[in-house]
Amino acid sequence: MGLLNRMGTVIKAKMNKLVGKMEDPRETLDYSYEKQLDLLQNVKRGVAEVATSKKRLELQRAKLLQNSEKLESQAREAVVANREDLARLALERKNALTSQIAGLDKEIATLAAEQEKLVAAEKRLSTKIEVFRSRKETIKAQYSAAEAQVKISESVSGISEEMADVGMSIERAESKTDEMKARSAALDELLEEGTLVDFTAGEDDIERELAKLGRQGSIESELAKLKSEVGKK
Amino acid sequence: MIIRVIGQGQYQVKSSLFDDLNKIDNQIVEYVQKGNEKAYKKSLAELIGRIVKEGETLDHKEIIESDIIVPPADMTLDEARQVFKGTGIFEG
Chain P
0 MGLLNRMGTV
10 IKAKMNKLVG
20 KMEDPRETLD
30 YSYEKQLDLL
40 QNVKRGVAEV
50 ATSKKRLELQ
60 RAKLLQNSEK
70 LESQAREAVV
80 ANREDLARLA
90 LERKNALTSQ
100 IAGLDKEIAT
110 LAAEQEKLVA
120 AEKRLSTKIE
130 VFRSRKETIK
140 AQYSAAEAQV
150 KISESVSGIS
160 EEMADVGMSI
170 ERAESKTDEM
180 KARSAALDEL
190 LEEGTLVDFT
200 AGEDDIEREL
210 AKLGRQGSIE
220 SELAKLKSEV
230 GKK
Chain S
0 MIIRVIGQGQ
10 YQVKSSLFDD
20 LNKIDNQIVE
30 YVQKGNEKAY
40 KKSLAELIGR
50 IVKEGETLDH
60 KEIIESDIIV
70 PPADMTLDEA
80 RQVFKGTGIF
90 EG
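Protein chains in written order, with numbering that gives the first Met the number 0: chain P, 0 to 232; chain S, 0 to 91.
Hints listed in this document are in silico derivations from the structure and should not be mistaken for laboratory results.
Keep in mind that the hints are not guaranteed to be accurate.
As the list claims (entries may be wrong) - 20 Å max Cα-Cα, derived SDA-like pairs, lysine to any residue:
(1) P/LYS11 x S/LYS22
(2) P/LYS11 x S/GLY48
(3) P/LYS139 x P/VAL46
Claimed, not checked - Taking beta-carbon pairs under 8 Å as the criterion, some of the chain S residues facing chain P (in silico):
(4) MET0
(5) ILE5
(6) LEU16
(7) PHE17
(8) ASP19
(9) ASN25
(10) GLU29
(11) HIS59
(12) ILE67
(13) ILE68
(14) PRO71
(15) LEU76
Quick reminder that beta carbons are idealized off the backbone N, C-alpha and C, glycines included.
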């Protein structure tokens, strides 16, 4: 079975869970409408949560950037004072921060994309809810329970599919936000302690060695640059 | 025909596109089985790209069931496996 078929089955199952089985089919409309309003609140909460997490990462990024600038000026001072060892240490720390900042940039971009998606979903859903509400009133006013059946199942299926989509999108956004929250909390701790850890965790030995070589190279060149800058003065 | 891309909404697409989409779908299944993440991602992007490019966004006021449901564009290979197994948020 193809992925599209399978995905259809998944959504169908989610839709079925959203439709309540009522004795009078017209009650199904009211039940669905209530669920729609709940879901709309959930999307709004989701948007707010993603925005908060993004804000937090942006603040951390600003803090890291500040620290990185401070380390650079410390390295400069160390060179002036002929303390190459200290300058090297400061530059090493600065480089570690630079890779952290790059990581944060990626996470911020991911959350911005999630936020955009949820805002669009909220807009789509609220338009559909409005249409559904007026259709629901028409059906309830004009049709008997038996006659209303077909019209109801069309509308309810259509909106349930949208709801299953939005529900899934919220869950996905939430799991991404949770992941970043955990990392963001760990980073906060590091910032507080003022310590640096091995940010290359998760890479294999060769990658680690290569990264180390790369870092050493760039530290040496930065050091040389600082020295020449200071020497010129 | 109406196609929903999860997370992006619905598109009105010409039925003639169905065979092409089906071919890409078969490729995706193969890549998921082989665990070829790069090829999987490329095919999923191609699938969604064709729908978005050749289809038209359905009016948000329409309340209608779709003929085809396409997974979200950022679905990972692991998540695709979950879809086949029916686990996680892709539980039926």
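Hint check:
Distance check on the hinted pair: P/LYS11 and S/LYS22 sit about 23 Å apart at the alpha-carbon level, beyond 20 Å; violated. A C-alpha spacing of about 24 Å is found between P/LYS11 and S/GLY48, which places the hinted pair above 20 Å, so the restraint is violated. In summary, the hint linking P/LYS139 to P/VAL46 is not supported, as the alpha carbons are separated by about 34 Å, beyond the 20 Å threshold. The beta carbon of S/MET0 is not positioned within 8 Å of any beta carbon in chain P (closest approach about 12 Å), and the interface hint is therefore violated.
Against a cut-off of 8 Å between C-beta atoms, the interface hint on S/ILE5 holds, since the closest Cβ of chain P lies about 5 Å away. The interface hint given for S/LEU16 is violated, since its Cβ lies 12 Å from the closest Cβ of chain P, which is over the 8 Å cut-off. Hint status for S/PHE17 relative to chain P: violated, with the closest Cβ pair at about 10 Å, above 8 Å. The interface hint given for S/ASP19 is violated, since its Cβ lies 12 Å from the closest Cβ of chain P, which is over the 8 Å cut-off.
The interface hint given for S/ASN25 is met, as the beta carbon of that residue sits about 6 Å from the closest beta carbon of chain P, less than 8 Å. Taking 8 Å as the C-beta cut-off, the interface hint given for S/GLU29 is violated, the closest approach to chain P being about 10 Å. A cut of 8 Å between beta carbons decides the hint on S/HIS59: the least distance to chain P is about 4 Å, and the hint holds. A hinted interface residue such as S/ILE67 counts as satisfied when its beta carbon comes closer than 8 Å to some beta carbon of chain P; here the least separation is about 6 Å, so the hint holds.
Here the hint on S/ILE68 is kept, as its CB sits about 5 Å from the closest CB of chain P, short of 8 Å. The interface hint given for S/PRO71 is met, as the beta carbon of that residue sits about 7 Å from the closest beta carbon of chain P, less than 8 Å. Interface restraint check: S/LEU76 against chain P, minimum CB-CB distance 11 Å, threshold 8 Å, status violated.
Hint violations for this structure: numbers 1, 2, 3, 4, 6, 7, 8, 10, 15, all remaining hints satisfied.
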